[in-house]
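Number of protein chains: 2
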Amino acid sequence: MLDKVPAASLTLDDVIAAHERIAPYVHRTPVLTSSYLNELTGAELFFKCENFQKAGAFKVRGACNAVFGLSDEMAKRGVATHSSGNHALSLSYAAGRRGIPCHVVMPRTAPEAKKAAVRGYGGQITECEPSTTSREAVFAEVEARTGAEFVHPYNDPRVICGQATCSRELLDQVAGLDAVIAPIGGGGMVSGTCLTLSNIAPEMEIYAAEPEQADDAYRSFKAGHIIADDAPETIADGLKVPLKDNTWHFVSNHVTDILTASEEEIIDAMKLTWQRMKIVIEASCAVPLATILKNPEVFRGKRVGVIITGGNVDMNKLPWIEG
Amino acid sequence: MLDKVPAASLTLDDVIAAHERIAPYVHRTPVLTSSYLNELTGAELFFKCENFQKAGAFKVRGACNAVFGLSDEMAKRGVATHSSGNHALSLSYAAGRRGIPCHVVMPRTAPEAKKAAVRGYGGQITECEPSTTSREAVFAEVEARTGAEFVHPYNDPRVICGQATCSRELLDQVAGLDAVIAPIGGGGMVSGTCLTLSNIAPEMEIYAAEPEQADDAYRSFKAGHIIADDAPETIADGLKVPLKDNTWHFVSNHVTDILTASEEEIIDAMKLTWQRMKIVIEASCAVPLATILKNPEVFRGKRVGVIITGGNVDMNKLPWIEG
Numbered sequence: 001m002l003d004k005v006p007a008a009s010l011t012l013d014d015v016i017a018a019h020e021r022i023a024p025y026v027h028r029t030p031v032l033t034s035s036y037l038n039e040l041t042g043a044e045l046f047f048k049c050e051n052f053q054k055a056g057a058f059k060v061r062g063a064c065n066a067v068f069g070l071s072d073e074m075a076k077r078g079v080a081t082h083s084s085g086n087h088a089l090s091l092s093y094a095a096g097r098r099g100i101p102c103h104v105v106m107p108r109t110a111p112e113a114k115k116a117a118v119r120g121y122g123g124q125i126t127e128c129e130p131s132t133t134s135r136e137a138v139f140a141e142v143e144a145r146t147g148a149e150f151v152h153p154y155n156d157p158r159v160i161c162g163q164a165t166c167s168r169e170l171l172d173q174v175a176g177l178d179a180v181i182a183p184i185g186g187g188g189m190v191s192g193t194c195l196t197l198s199n200i201a202p203e204m205e206i207y208a209a210e211p212e213q214a215d216d217a218y219r220s221f222k223a224g225h226i227i228a229d230d231a232p233e234t235i236a237d238g239l240k241v242p243l244k245d246n247t248w249h250f251v252s253n254h255v256t257d258i259l260t261a262s263e264e265e266i267i268d269a270m271k272l273t274w275q276r277m278k279i280v281i282e283a284s285c286a287v288p289l290a291t292i293l294k295n296p297e298v299f300r301g302k303r304v305g306v307i308i309t310g311g312n313v314d315m316n317k318l319p320w321i322e323g
Numbered sequence: 001m002l003d004k005v006p007a008a009s010l011t012l013d014d015v016i017a018a019h020e021r022i023a024p025y026v027h028r029t030p031v032l033t034s035s036y037l038n039e040l041t042g043a044e045l046f047f048k049c050e051n052f053q054k055a056g057a058f059k060v061r062g063a064c065n066a067v068f069g070l071s072d073e074m075a076k077r078g079v080a081t082h083s084s085g086n087h088a089l090s091l092s093y094a095a096g097r098r099g100i101p102c103h104v105v106m107p108r109t110a111p112e113a114k115k116a117a118v119r120g121y122g123g124q125i126t127e128c129e130p131s132t133t134s135r136e137a138v139f140a141e142v143e144a145r146t147g148a149e150f151v152h153p154y155n156d157p158r159v160i161c162g163q164a165t166c167s168r169e170l171l172d173q174v175a176g177l178d179a180v181i182a183p184i185g186g187g188g189m190v191s192g193t194c195l196t197l198s199n200i201a202p203e204m205e206i207y208a209a210e211p212e213q214a215d216d217a218y219r220s221f222k223a224g225h226i227i228a229d230d231a232p233e234t235i236a237d238g239l240k241v242p243l244k245d246n247t248w249h250f251v252s253n254h255v256t257d258i259l260t261a262s263e264e265e266i267i268d269a270m271k272l273t274w275q276r277m278k279i280v281i282e283a284s285c286a287v288p289l290a291t292i293l294k295n296p297e298v299f300r301g302k303r304v305g306v307i308i309t310g311g312n313v314d315m316n317k318l319p320w321i322e323g
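Chains as they are written, first to last, in our numbering: chain A, 1 to 323; chain B, 1 to 323.
Where hints are given, some of them may not hold.
Note that the list lumps identical chains together, so a pair holds whenever it fits in one copy or between two copies.
[To be verified] Derived DSSO-like pairs: lysine-lysine, alpha-carbon spacing no greater than 27 Å straight-line: (1) Lys-271 to Lys-317; (2) Lys-271 to Lys-115; (3) Lys-244 to Lys-222; (4) Lys-244 to Lys-115; (5) Lys-271 to Lys-222; (6) Lys-271 to Lys-302; (7) Lys-302 to Lys-317; (8) Lys-76 to Lys-294; (9) Lys-115 to Lys-76; (10) Lys-76 to Lys-302; (11) Lys-302 to Lys-222; (12) Lys-294 to Lys-271; (13) Lys-76 to Lys-222.
It should be emphasised that the hints constitute simulated quantities derived from the structure, not laboratory data.
With the sequences and hints as input, model every part of the structure.
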């Protein structure tokens, strides 16, 4: 069984063990490049395509690490979580692969496509209001009722360790990176990136990209302590949640800078990626490209790994088309 | 200089020479799979992703083979073509790489995104009406005025030979295929596939997929001679053109069968591919998947190469969303 150690004590060995544990259940995703976007930004961009990942997002890495690290005794009672979407899909997928129940608390406003996919993987949904407060209250009830093991979408060392396998692969796939950039919501992917890079490539810059309209991580970073907003509104619906102690540990110690982009810049970058790279990405994963386009001086001449975190989009509601 | 030999006398050596000639200018595109679509179809599908190709489509292979096979003397006067879209982009791209002019006759109804992209690559557009008759008349005038070398979008052995490099790569990337399926319009990609497979893997089945609403190749195949329609209407706008003598040679001699799909089936398969595979593909390249879903008994249990021909889509006009 995988111990639930404090995030601060996680080591590279934990990442390597996680990578071996999850390998049978996740894809080694490809890295794509675009000469058009390189020309446009003046940087060399390497897109780590977790939109091609199992269940459509990187979150399956952390979910699988948590689920397959459970003792048989704990696994029997299943797992439970609250999530704005991709962690819910991923935990349902992981639980399904292990053959155990998965209980999910989701905001009633979450995209229908994501709810249907959670059910498709066998997850059992309980709806809450779209606020952090409501989500936590409803979840407490579900947890007490089922006795399932709580796997937090990001503030769980087992999850952070799973997400860390993504940048470990990226470093193996692309030599000589100067920087890595990933979107930041609760900070799970960014924390995983920090865990890997601070151990393997401590000189590499780590940028986090956040919507202006949900810029609590940016303000936390500048203030030196966690600032949490309740229910911010942004098209990047995976990035509405606040930092927590375990992710704050990594963000405050290892992140080079946090950059922000407006809703319009995010939508433009999302559409541009679909159009030029021919890949389907969520609004959340367009935030890094939006900030690169907005801050060319930060990235010009650098080799930059860009984590494309997921591709689960409601195809009937694209933000640049009036529905 | 590359001789313009009759299509019937093309050999595997011509394909290999084409592959070497175009290698510096085109991508070796990846092959993607989807466990969801495998389960849905009962077949093992291997998607050869020419939507990730330079200029967004396989057509750049044939265009580069023609352009880089020209003598310096001929190249000086440039190249010219008529095309419903991707060949225009591709020839403009190839000509740009060689630094020679490219004249393009395009239907005025072609997607704005494609016209803008042709101009972006330096192609010079003359518009015609959206019918084969008008296109050929306008083109004759352009050709006479410029003296440019005509590179037909598909009925040109140099082009067929270039397209043949796609299935040569696919066979190198995936072992033990039972069949390959590609969309058919004028038949350039299907002819190239026939050229490669009849030489390397003559036992492999070759399917062509066509919209019901532009099923001239299907009717030609059944009748045993070319039947051409003027200006058929289909969402698969790359597949409106008729077979010609050089492509008919390959289609009539080597194709196993031609399957058709309705507009609704094509749009459903297109949306399904975006949603589950997270890739942007044109309606034209959704036709093969639509026919596989419609004829499961033909493909069940087989390893099938599916050529995704291109990803140049007008993002403001998606067929499943009312604009």
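Hint-by-hint comparison with the structure:
1. Lys-271 to Lys-317: both (13 Å within a copy, 13 Å between copies)
2. Lys-271 to Lys-115: both (24 Å within a copy, 18 Å between copies)
3. Lys-244 to Lys-222: Close inside one copy (16 Å), not across copies (66 Å); limit 27 Å.
4. Lys-244 to Lys-115: Within. Shortest intra-copy distance 25 Å satisfies the 27 Å Cα cut-off; inter-copy 49 Å does not.
5. Lys-271 to Lys-222: Answer is neither; intra-copy 30 Å and inter-copy 42 Å both fail.
6. Lys-271 to Lys-302: Classified as within: same-chain Cα gap 24 Å, cross-chain 36 Å, threshold 27 Å.
7. Lys-302 to Lys-317: Neither, since 35 Å and 35 Å both go past 27 Å.
8. Lys-76 to Lys-294: neither (49 Å within a copy, 41 Å between copies)
9. Lys-115 to Lys-76: For Lys-115 and Lys-76, the Cα distance is within 27 Å only inside one copy (24 Å; across copies 59 Å).
10. Lys-76 to Lys-302: Classified as neither; 48 Å inside a copy, 38 Å across copies.
11. Lys-302 to Lys-222: within (25 Å within a copy, 57 Å between copies)
12. Lys-294 to Lys-271: Cα proximity of Lys-294 and Lys-271: one copy only (16 Å, versus 31 Å across).
13. Lys-76 to Lys-222: The answer is neither: 43 Å in one copy and 59 Å across copies each exceed 27 Å.
Going down the numbered hints, you'll see the structure goes against 5, 7, 8, 10 and 13, while the others check out.
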